[in-house]
Amino acid sequence: MSAPLIPNLFAVCKVLVAAIIGIVQSIIYALSGPIPPLRGLGDWLGLDAVITVVTYLIVVTIVVLWVTVLNLFTVMWVERKLYSRLQDRYGIMISIWSLPFWPFNRVHRPTHKGLGYLQNLADGVKLIQKENITPRNADSAMFHISPVLIASSTLMVFAVLPWSSGFYVANLDLGILFILAAFSLAPLGILIAGYAANNKYTLVGGFRAAAMLLSYSIPMVLAVIALVVFTGTLDPVKIVQQQDRPLVAFGTTLPLPAWYVFGPQFLGFLIFSVAMIAEMERVPFDIPEAEAELVEGWTTEYSGMRFGIVFAFKWLRMLAACALISILYLGGWSGPVFTTLSVGGIPVPIVPEEIWFLLRIYFLAAFFVVLSWSVPRVRIDQILNIGWKRLIPYSLLAILVAAGFRVLG
Amino acid sequence: MEYELLLSGALLCIGLYGVLARRNGIIVLMSIEIILNASILNFVAFSSYSGNPSGQIFALLGIAVAAAEAAVGLAVFLSIYQTHGSIELDKIRFLKW
Amino acid sequence: MPEFWINMGPQHPMTHGLWNMKVKVDGETITDAKPEIGYLHRGYEKIMEVREFQKNVVLTDRLCYVSSITWSHAYCLAVEKMMGIETPERGQWIRVISLELQRIASHLMWLASYGPDLGLLTGLLWCLRERELFLDLIQLMSGARMNQNYPRVGGVRNDLPENFEAMCKRSIEHFLEKLENEYPKIFHESKVFRMRTEGVGTLSAVDAINWGVTGPNLRACGVNVDLRRLDPYETYEEIDFEPQIWQDGGVGDSYARFVVRFNELRESCNIIRQALEKMPKTGPYRVKPPRRAEGEGYAKTEDSRGEALFYVIGDGDDRPYRVKIRSPVFCTMAATPILLRGNKLADVVSILGSVDVCVGEMDK
Amino acid sequence: MAVDWELIAFFILSAFEIIGSVLVVINKRLVRAAFWLAMTLVTIGVIYLLFLSEFVFLIQILVYAGAVPVLMVFGIMLTRRKIMDEPGQEAPE
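Quick mapping for you: the protein sequence lines, in order, are chains V, X, D and Y.
Under our numbering, the residue at position 217 of the first sequence is numbered 217, and the numbers go up by one with no gaps.
Under our numbering, the residue at position 93 of the second sequence is numbered 93, and the numbers go up by one with no gaps.
Under our numbering, the residue at position 151 of the third sequence is numbered 151, and the numbers go up by one with no gaps.
Under our numbering, the residue at position 34 of the fourth sequence is numbered 34, and the numbers go up by one with no gaps.
Derived from the structure by calculation, the hints contain no laboratory data.
On a predicted model such as this, the values are computed, not experimentally measured, just so you know.
No residue lacks a Cβ here, since even glycine has one placed at the ideal position from N, Cα and C.
Treat the hints with caution; some may be incorrect.
[To be verified] To give a feel for the contact side, a few chain X residues facing chain Y, derived at Cβ under 8 Å:
| no. | residue |
| --- | --- |
| 1 | Tyr-17 |
| 2 | Asn-24 |
| 3 | Leu-29 |
| 4 | Ser-31 |
| 5 | Ile-34 |
| 6 | Leu-41 |
| 7 | Ala-45 |
| 8 | Gln-56 |
| 9 | Ala-71 |
Next comes chain V alone, as it looks inside the complex (with noise of 0.2 Å):
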């Protein structure tokens, strides 16, 4: 019934590879003629080990510049575009049409009325160009790595996130454990980051990331348990599998999809997007840097492009928990029209998996910006409170209320 717009990532690009290593290959034997040691560096270009590890590097390499430079860079638009039009005023307009050198563009006066698409593009090459300041009595070695940790860990779950049935680096059987695995890592980055910049902000807002990252992935973990003991399986696509059919609950055939949030997951759902809301510190659970009291948390003394990855990671944060919520909850990419049309003997599909998966992104992605423009910040102890009090006993009810489910069939 589905059909991605990639059959399957990795043997498109062996196959690719492997085409390109063999024109390589032979012209490596041409020219081993008047130079013979060269035989057997084509004949070790050949072995299936060397083809494989290149293509794994380029199939990660496609799946990084997917995230960030495609997907990055339209979140934060969306983001930037979306909480505009809340406070009632445009938000990014300046593009590649307002730059002075278009002949309709007085120089003066240069028209503003773009789509600002790549207004993050020049932000970034902004902050590439600002110095990298220390502080003086700062821990150099550890201010330096947390950044690359932080940001390490965050591409890590997009190492197994996969975008469609197809389109993955690698599908593990233990999938979503290691995306859960790789989310949590960052509150040590984050911690180290706050102590290391030696500075009273820096110290309290590490503090309270750690504590809040710490106690919301509890949860977190939590209503994934429940919604295990439904699915039998951590394997992302098993799971969206399962999810791709039509619902049957009181002996007939509802007109809804067998999403996992239609039924007894409802709980589970809501908890894991508060957690989730949490780990990616959006504004209700944004704590760590509240600008007004913090000046900017645990972030107040990194400067230049280390200022601009620890920013942006909060929004590929973002990317992969809408996708986690979309995976676990929403039926991943599956989606009602699948039509293919055969072109040369190869089915192409209409609309891919892909698209619906992405629609699911944004369309979370766009309601958690609405929310998170919407209301001020909870307190810190507010929200421990929430973790403990709340979040923690009901996602134990939601595992007892999966596991009676199961029970009774």
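Please arrange chains X, D and Y on chain V, whose structure you already have, making use of the hints.
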């Protein structure tokens, strides 16, 4: 197989050194974590070589116990710090008669 | 973790201006607080002694850039009392309108800065959008958006423009509709906002009076003190309005201060409407004051932030012999340690945002 | 000649581990000790991966990179005498 045992033995010795030689309570807790991990490594290695997955279950239990031990030990040291103002283990004498 | 001091300021997003709030925290709980002011001290009381009576109005405008007209009006009132002259009736009505417009603009600026304090940036943009309406009205009236220099000794600078009444009514209607329908959704009908403000920074009525807290902050403690009612100046006694008090219980928290100020926005609109109805359509708006004067003048007005007091002594010269300014925020600052103690670190912004600090008048 | 890649990986990882754990126990700066502890425990997790027990590896990362070092750093920072001094250095004799 011998290499794993050697490695876990080395980790155990290092952890034991930390427990015995350092005075700061937090470092002692960290050394205890290292010792526990040496034993968990043995569990996993034995289960892998004997083909019996029950060793992995023991490893999971060991990890849970180690995490709980870290939390409890930390709570103890925090309360000691609040009453004594220090967690230097050789200065804390209220357990002696 | 040992107790330590955190400097909130002088360069800090929480301090809307240049001052320093030193906070001693034990973990997250505040055990002590110390406001450190004086970064913006300009010596107003001394500067005013070397300038003529009329020229001092320019200075008093700059006491608080958010609420200029109320301050220069208080000064003019004190000088008029010293000189023994009376503003014509139309001039008094125009002053009432300008005061209330300025009060609305000031309260909107406070609300706009209270939003981001709590992490609600949408509130900033919405309030500044509506503040623009009132700045336009003030500009129509006085010709400037900021530092208007509008009240003069003996009246106001110029008459109201022709279409002012219609525009004023239209803006107020538009604003009241937003106030009823839009603002509550992000402010006091939002549960998170209530969580952040209720029960935070409580101040009992006794403490408030003892420490000299006045204005909306005192009314939030349940004390019915509004100088427009108790000691009416200009034509406030002919207007039917209700001073806004926090009714539920005697202890004022951040939420009470928010509600009092929020309701004052509505009440000020009511006052402007009545004033537009009741004021004489034509007539003089200004009398010429004498150049030199001798005696003492004392004026106490209800500023946007509390009781503003001017005490002017003239010794027969064309400039004051001595001027004394009592600024409400300066006195409120003394009570901030009481407000802050025992609360959480994150509540500093919730409390100090709700008492509405203006550094210009605080440091004088 | 067949190279036993697994054995080589094991040796490299165990070298990392020994060095990391030695750094944990001899480090004077406690926060760095906690950081090295996290690294050591994650490398032990990678050794579990060599034994084909992925579940234990993931649980190890979840617990020993996410929770335990954070608790340790919390403990270090909460038991300091002064807030801004070099954190966690052991007091002189």
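For this structure, which hints from the list above don't hold up?
-> none
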